[in-house]
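A.B. asks: Each chain is listed here by its residues.
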Amino acid sequence: MPRDSTTLTFVIVGEETPIYECEIKAGAKREETVNYLHEFVLHASLDNIDEAIWTTQSCYLKQVDRYYDLTVSAYATSSLVKFLLLHDSKNDDGIRNFFHDIHEYYIKIMLNPFHTPTTKIKSKPFDEKVKLLAQKYLL
Amino acid sequence: MSQRGSVLPPLVDRHILTSKTRNDVGVGAFAFLFSEIVQYSQTRVSNVSELERKLADVGFDVGVRMLELLVHREKAGKRENRILGILSFLHTNVWKNLFGKTADSLERGTSADDEYMISDHDLLVNRFISVPRDMGHLNCGAFAAGIVEGVLKSSGFPARVTAHSVTSEGLSRPKTTILIKFSPEVIERDERLGS
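In order, the protein sequences belong to chains W and E. If you count by my numbering, then the first sequence holds residues 33 to 171, one letter each, in order. If you count by my numbering, then the second sequence holds residues 324 to 518, one letter each, in order.
Just the calculated beta-carbon pair ranges, DEER-fashion: (1) W:D125 <-> E:L356: 44 to 52 Å; (2) E:E359 <-> W:Y99: 50 to 58 Å; (3) W:D125 <-> E:D347: 32 to 40 Å; (4) W:E71 <-> E:L494: 54 to 62 Å; (5) E:E438 <-> W:L78: 27 to 35 Å; (6) E:L356 <-> W:R98: 50 to 58 Å; (7) W:E136 <-> E:L407: 23 to 31 Å; (8) E:E373 <-> W:Q167: 45 to 53 Å.
Simulated from the structure, these hints should not be mistaken for laboratory data. Using N, Cα and C, we set each Cβ at its ideal position, and we do this for glycine too.
Next up, chain E with everything else stripped away, as it sits in the complex:
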């Protein structure tokens, strides 16, 4: 961006909003960085759920920023004001930009109306992670759940978002399901806005 010795222009003058050239980083570089984030977090927590919370917190800040950037880049500044709109934005735009592909599925929860699930058979953050037996239900997809939570919260759809490993027959490894449970006021507002 700048030559050695020259001073970077102020933030507002840098060209960081256009994505004409894709600046993808190698998956190895990302995996090492993420591994480091997990290790760092692990030294600062005492149990599994705290670790998931910490990873989610890191993801949250990513989500908040991805939202503004992607809406500007890909949606021509059109905000999402409905639940389905923001969910498909997550499933398509956010996933594509962060993980290089859209998520494998987006479903509505069977037991409750305010629950939605985004599933991925090979979530990038989990690709090189094998959870030790004594850490039970830990899923480092908590980081991705944090991203989802960040996008939802800052766009006005507060929700509780958690990551779970789901095993099913015919799959060599468990898929990661991100469970989204919206706050009651979000569901209420969406119903009021009608279809």
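Looking at chain W on its own, in the form it has when it is part of the complex:
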């Protein structure tokens, strides 16, 4: 897979709804329509995640679903907040580290009394951290 076509979508799903979404892009911009497909694939993987959660004690659930060349990797925190990453290249260790580091930032955000499991994360510093980690581990 050539580097300039890397597609990545990262989503944090709270109790029921997404509370954070981020498109991570390297190289050329893709057409807008692709994004709907991404959301669809991510959404479809949620059932698999709900099953995978109970079969392991580790937070990292590895690959949970795939759609042609798109793969969904997932991670569930102890309070069952799900991190989903849609990607099209194989990078198991990178993704594991990416999720792990985000988990730490997520805990710091959720310890804030003004944050609830359904609050959307709008924190700019958090967004910057996610992009930084994506650069470090995924691109």
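Keeping the supplied structure of chain W fixed, place chain E upon it in accordance with the hints.
C.D. replies: Using the frame of chain W, we list chain E on its own:
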């Protein structure tokens, strides 16, 4: 953490996840704060069970946060996916961090399979509380019950959690028992996962 006049770094850059130094607060400070929570709640309710509900709601939010923080700190990020695992996490890790000691006992209910009890002879939140006679069965351990409920609910084990005072011979004061009744789907799932 920061010097006077300087701006605090954003939340994501603060070092709040490691517990190398224990930052325990004095029991007096806690007792006054809790006393204030009880008084505040009391002005906003009309009966005892509403008061217990309100205290539990306060505890619930504590529980949700303690779960993530303690699993990260003490369990190296290993989630609990079984009933016994999460109960012993409550009995040991959560109690130790919040109240300075593990709970006195963790038992399975005798009458029903889906009931568990965590008991404490000297629950920290009740240490300086004497319930007036006209408030009957009130137990301010409802706050601790709320914490337990918060931990259980957010980790995927929804349960009804209540606090009760239990008197028995040989005890100078009643112990507090936190009764946990799991939802049927939790019991079902745990049986499906097997041993």
